[in-house]
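Take the sequences, apply the hints, and build the full model.
Protein chains: 2
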Amino acid sequence: MEQIKSFLLKNKSTLLDELIECIQIPSISTVRSSKKDMYRCADYIKAYLSQIGLENVQYLDGGGYPAIYADWIHAKNKPTVLIYGHYDVQPAESLDGWISDPFLPEIRDDYVYGRGATDNKGQLFMQLKAIETLFQIHECLPVNVKLIIEGEEEIGSLTMTEIIEKHKDRLSADLLVVSDTGSLQKDAPAICYGLRGIIGFELSVQGPNRDLHSGSIYGGVVQNPIYALVHLLNSMKNELGVISIPGFYDDVQLLTDLEKESLNAISLSEEKLKEDIGVKQFFGEEGYSFLERVWVRPTLEVNGIEGGYQGEGMKSIIPEKAKVKVTCRIVPNQKGEVLQSIIEKHITKNIPAGVKVEVEWNKCSNPFYIQPEHPYLLKALNSLQSVFDKPVQLIRGGGTIAAVEMLNQSLNMPAVLIGFGHSSSNVHSVNENMSVEKFEKAILALCNYYLSLGSDHVEEES
Amino acid sequence: MEQIKSFLLKNKSTLLDELIECIQIPSISTVRSSKKDMYRCADYIKAYLSQIGLENVQYLDGGGYPAIYADWIHAKNKPTVLIYGHYDVQPAESLDGWISDPFLPEIRDDYVYGRGATDNKGQLFMQLKAIETLFQIHECLPVNVKLIIEGEEEIGSLTMTEIIEKHKDRLSADLLVVSDTGSLQKDAPAICYGLRGIIGFELSVQGPNRDLHSGSIYGGVVQNPIYALVHLLNSMKNELGVISIPGFYDDVQLLTDLEKESLNAISLSEEKLKEDIGVKQFFGEEGYSFLERVWVRPTLEVNGIEGGYQGEGMKSIIPEKAKVKVTCRIVPNQKGEVLQSIIEKHITKNIPAGVKVEVEWNKCSNPFYIQPEHPYLLKALNSLQSVFDKPVQLIRGGGTIAAVEMLNQSLNMPAVLIGFGHSSSNVHSVNENMSVEKFEKAILALCNYYLSLGSDHVEEES
Numbered sequence: 005m006e007q008i009k010s011f012l013l014k015n016k017s018t019l020l021d022e023l024i025e026c027i028q029i030p031s032i033s034t035v036r037s038s039k040k041d042m043y044r045c046a047d048y049i050k051a052y053l054s055q056i057g058l059e060n061v062q063y064l065d066g067g068g069y070p071a072i073y074a075d076w077i078h079a080k081n082k083p084t085v086l087i088y089g090h091y092d093v094q095p096a097e098s099l100d101g102w103i104s105d106p107f108l109p110e111i112r113d114d115y116v117y118g119r120g121a122t123d124n125k126g127q128l129f130m131q132l133k134a135i136e137t138l139f140q141i142h143e144c145l146p147v148n149v150k151l152i153i154e155g156e157e158e159i160g161s162l163t164m165t166e167i168i169e170k171h172k173d174r175l176s177a178d179l180l181v182v183s184d185t186g187s188l189q190k191d192a193p194a195i196c197y198g199l200r201g202i203i204g205f206e207l208s209v210q211g212p213n214r215d216l217h218s219g220s221i222y223g224g225v226v227q228n229p230i231y232a233l234v235h236l237l238n239s240m241k242n243e244l245g246v247i248s249i250p251g252f253y254d255d256v257q258l259l260t261d262l263e264k265e266s267l268n269a270i271s272l273s274e275e276k277l278k279e280d281i282g283v284k285q286f287f288g289e290e291g292y293s294f295l296e297r298v299w300v301r302p303t304l305e306v307n308g309i310e311g312g313y314q315g316e317g318m319k320s321i322i323p324e325k326a327k328v329k330v331t332c333r334i335v336p337n338q339k340g341e342v343l344q345s346i347i348e349k350h351i352t353k354n355i356p357a358g359v360k361v362e363v364e365w366n367k368c369s370n371p372f373y374i375q376p377e378h379p380y381l382l383k384a385l386n387s388l389q390s391v392f393d394k395p396v397q398l399i400r401g402g403g404t405i406a407a408v409e410m411l412n413q414s415l416n417m418p419a420v421l422i423g424f425g426h427s428s429s430n431v432h433s434v435n436e437n438m439s440v441e442k443f444e445k446a447i448l449a450l451c452n453y454y455l456s457l458g459s460d461h462v463e464e465e466s
Numbered sequence: 005m006e007q008i009k010s011f012l013l014k015n016k017s018t019l020l021d022e023l024i025e026c027i028q029i030p031s032i033s034t035v036r037s038s039k040k041d042m043y044r045c046a047d048y049i050k051a052y053l054s055q056i057g058l059e060n061v062q063y064l065d066g067g068g069y070p071a072i073y074a075d076w077i078h079a080k081n082k083p084t085v086l087i088y089g090h091y092d093v094q095p096a097e098s099l100d101g102w103i104s105d106p107f108l109p110e111i112r113d114d115y116v117y118g119r120g121a122t123d124n125k126g127q128l129f130m131q132l133k134a135i136e137t138l139f140q141i142h143e144c145l146p147v148n149v150k151l152i153i154e155g156e157e158e159i160g161s162l163t164m165t166e167i168i169e170k171h172k173d174r175l176s177a178d179l180l181v182v183s184d185t186g187s188l189q190k191d192a193p194a195i196c197y198g199l200r201g202i203i204g205f206e207l208s209v210q211g212p213n214r215d216l217h218s219g220s221i222y223g224g225v226v227q228n229p230i231y232a233l234v235h236l237l238n239s240m241k242n243e244l245g246v247i248s249i250p251g252f253y254d255d256v257q258l259l260t261d262l263e264k265e266s267l268n269a270i271s272l273s274e275e276k277l278k279e280d281i282g283v284k285q286f287f288g289e290e291g292y293s294f295l296e297r298v299w300v301r302p303t304l305e306v307n308g309i310e311g312g313y314q315g316e317g318m319k320s321i322i323p324e325k326a327k328v329k330v331t332c333r334i335v336p337n338q339k340g341e342v343l344q345s346i347i348e349k350h351i352t353k354n355i356p357a358g359v360k361v362e363v364e365w366n367k368c369s370n371p372f373y374i375q376p377e378h379p380y381l382l383k384a385l386n387s388l389q390s391v392f393d394k395p396v397q398l399i400r401g402g403g404t405i406a407a408v409e410m411l412n413q414s415l416n417m418p419a420v421l422i423g424f425g426h427s428s429s430n431v432h433s434v435n436e437n438m439s440v441e442k443f444e445k446a447i448l449a450l451c452n453y454y455l456s457l458g459s460d461h462v463e464e465e466s
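Protein sequences, first through last, are from chains A and B.
Residue numbers for the first sequence follow this note's numbering, so the first one is 5 and each next one is one higher.
Residue numbers for the second sequence follow this note's numbering, so the first one is 5 and each next one is one higher.
Hints are not guaranteed to be accurate.
[Stated by the list, open to error] Derived list of chain B stretches under chain A, where covered just means 3 residues or more per stretch with a C-beta under 8 Å from a C-beta of chain A:
(1) 103-111
(2) 176-182
(3) 285-294
(4) 300-307
(5) 418-424
(6) 441-451
[To be verified] Residues of chain B placed beyond 12 Å of chain A at every Cβ, according to the derived structure:
(7) 227
(8) 354
(9) 357
(10) 432
[Unchecked claim] Simulated restraints, written as ranges between beta carbons of each label pair:
(11) B:314 / A:191: 35 to 45 Å
(12) A:105 / B:39: 15 to 25 Å
(13) A:272 / B:100: 51 to 61 Å
(14) B:213 / A:244: 23 to 33 Å
(15) B:432 / A:108: 44 to 54 Å
(16) A:282 / B:108: 57 to 67 Å
Please keep in mind that the hints were generated in silico from the structure rather than gathered at the bench.
Just so it is clear, CB atoms sit at the ideal spot from N, CA and C, and this is done for glycine as well.
As structure tokens, this is what we get:
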């Protein structure tokens, strides 16, 4: 470890060079006009992977933006690690309130500011720099390494399934390592052992074939599609915030005693969080703590609703239709497909009189879970702990990383999510940033982790 | 009557001339660019009123488009009739499916086609032509007559209250006669003895100060404003279509036996009505017939709703706010102001946790009612019946004519609503039309009515 520390110290002045060059390429996957930059960014990373000593560097194509693959698999009888990251970023406009240009990174007070500084270029380069460092010092790696760096994370990993299906053997590994999450403490990373999945649908309610006058001759005898939708939604979640669709909670995984304990040990300033979003009180299922509601319990939210007249003033109509967008965050042990059929059944049973109802499903991502006692995870915890001064928390996440669950399920491998972000990193927001100190420590901690994994012996496959 | 009949027969070829000229002026009050035409139309009618022998012809100004006033008050000891009508029309575009230009009236198969042919230029000219006919034959009128013809009916009679307040004495009369409604039968008019009023409000629900990610770190602990709105709306009307706001139905006037009888005698083809609007079943309060639901029972309808993301695809947010437009059709004996406070109280009591709720009231029109046994009304019924072959129905209306209630209440006079329209007149729709035969019969019937009213003796005021 001392050798690594002194290597990092010696190279301190150039450590961020590639990250900064990479941030300068506005690889925004959601914006069509950024197509050239997307490929420029992928090319940049591809070249860097070759340069640091990785092999078989190539694009894997699933029909969308390519994923970059690379490997180094000469550590005989050692575990194989698949590292996942993404090179696409969220859109960013200087005008939105950035102090410096989002695509001209600037270092202020030991923080790198720029779009992608944390999500995910910053966290990706922590991984790449760790590999580079190990190569530089040992001329080899302590474990077998495979990388998959996709370009569609910010648009929902649209073609990731195709890529995985086409390259199952190439991507197979003993564990997946991902740095694309965050921690609750600014100064230390966290390890995330569970993520919620997501399912979403659009519900349309059709009443009469046109907007009707709300007075004569239909005003009082026709079901109002907006009201029909209100009653249908009301049947799905009650006033206390509890989802009332029969069977919805059936498969929700209960917390183990260990999980409960580690969850209770985490303290959050609810007052500060309330202040941040300007609400006077939080709301949710009774009997569950703040973090249980966000991490352990599924949700059902209306993301958007529309129907009838929305202009200025009054327009006394019974509108012809109404529609709503709904997403559910689903939790470990719940299955998207099962819930879709449970919800569909509930809707069919509760169609209000006098209207037609249609359900259209959007994409579905299953939740992710790894037992917090998993040896690969505990090894990561120890490796990080010995580098960072603060204890590293074991947490869950309320959000979804589609690719994690896809890789985890399709390739049947445990995943270790090491998150170096924090809410003040302003991921997806203005002035996204990353601590230079954390960047350096992360490289050290990841080297430490891979060295520790390298001390494991794996039976060679016949 | 024979004298009138032969006068109308003699003048048959010129009877529609003024109506047709008037329809040619596109007096659309909702469209700003029609301002000149609005005044051109008012001038046209003003000139015509003078020409037929009415006196004191002038504009009454309330700050918007002027109302036209005229009178003839030389029938000593006879009742004074205030006739209301309007010269503004709904917008109309040839491209919408008009067979002939909406503002170049055409007579096809004995029907006049053009915007305003029924609403209200056609029905207004029935009244004016009746006055002209009586003048021509008798050189005087059998009753005292006052007219008020406004230009803002189609935009909610915005300045009618001001006009009435400023000219109370001038407008005072023994009864109000209005031809701006319709009948259920094509071949005969109907007399409408009750109209619903309307109250409307906008309800806004504010949650967090911005759209939140529905995953971490708020996804499960924040009240969703759309769902809060759903629960609030659900508390206002139940799944059976019954308004569940305490006290809402308290003042609803019950039907008398006579009313029940006349209502039950009216037959409607519900199948045809369902087909027209493309619904498989009607919906509404159990225990009430179709016409009771539309005429006698109040309603609460959501006219429009919006909140959150409404674009393509999924956007997994908890939106910051949601809003809804609501109108209630209110029925005789209910008071708009009372209901506003009842609704406001209910909302205040039911504000969901974790959100702010705001209510903004729009305009309010009270319902109108005259006892169907009222002598002025029965006289009208007899006068119409003797001219039209079919029995004239006593009906109510589900809609609202703001000015009727304003004049009725402010000037404390009974109102007789004689409706010559029919659903096939296509009022507010394409190819609006009026039967030429009905136009002629209407003039005859109205002359008959005014002659019959003229047989009444009224004590001269001291």
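How the hints compare with the structure:
A stretch counts as covered by a chain when three or more of its residues have a beta carbon under 8 Å from one of that chain; for the segment 103-111 of chain B and chain A the count is 0, and the coverage is violated. Three residues within the 8 Å Cβ limit are the bar, and the segment 176-182 of chain B against chain A gives 0, so the coverage statement is violated. For a cut-off of 8 Å, the count of residues in the segment 285-294 of chain B with a CB near a CB of chain A stands at 6, and the three-residue condition holds. Check on the segment 300-307 of chain B: 5 of its residues sit with their Cβ under 8 Å from a Cβ of chain A, so the three-residue criterion for coverage holds.
For a cut-off of 8 Å, the count of residues in the segment 418-424 of chain B with a CB near a CB of chain A stands at 0, and the three-residue condition is violated. For the segment 441-451 of chain B, the stated coverage by chain A is not satisfied: 0 residues place a CB nearer than 8 Å to a CB of that chain, which falls below the threshold of 3. For residue 227 of chain B, the shortest C-beta to C-beta distance to chain A comes to about 4 Å, within the 12 Å cut-off, and the non-interface label is violated. The Cβ of residue 354 of chain B sits about 9 Å from the closest Cβ of chain A, inside the 12 Å cut-off, so the non-interface label is violated.
The Cβ of residue 357 of chain B sits about 5 Å from the closest Cβ of chain A, inside the 12 Å cut-off, so the non-interface label is violated. The beta carbon of residue 432 of chain B is not kept farther than 12 Å from every beta carbon of chain A, the shortest such distance being approximately 8 Å. Roughly 41 Å separates the CB atoms of residue 314 of chain B and residue 191 of chain A, a value that falls within the hinted 35 to 45 Å. A hinted range of 15 to 25 Å for the beta carbons of residue 105 of chain A and residue 39 of chain B is inconsistent with their spacing of about 51 Å.
Checked against the hint of 51 to 61 Å, the C-beta distance between residue 272 of chain A and residue 100 of chain B comes to roughly 59 Å, which is consistent with it. About 24 Å separates the C-beta atoms of residue 213 of chain B and residue 244 of chain A, a value consistent with the hinted range of 23 to 33 Å. Under the hint 44 to 54 Å, the C-beta atoms of residue 432 of chain B and residue 108 of chain A, about 59 Å apart, miss the expected range. In this structure the supplied range 57 to 67 Å holds for residue 282 of chain A paired with residue 108 of chain B, their Cβ-Cβ distance being about 58 Å.
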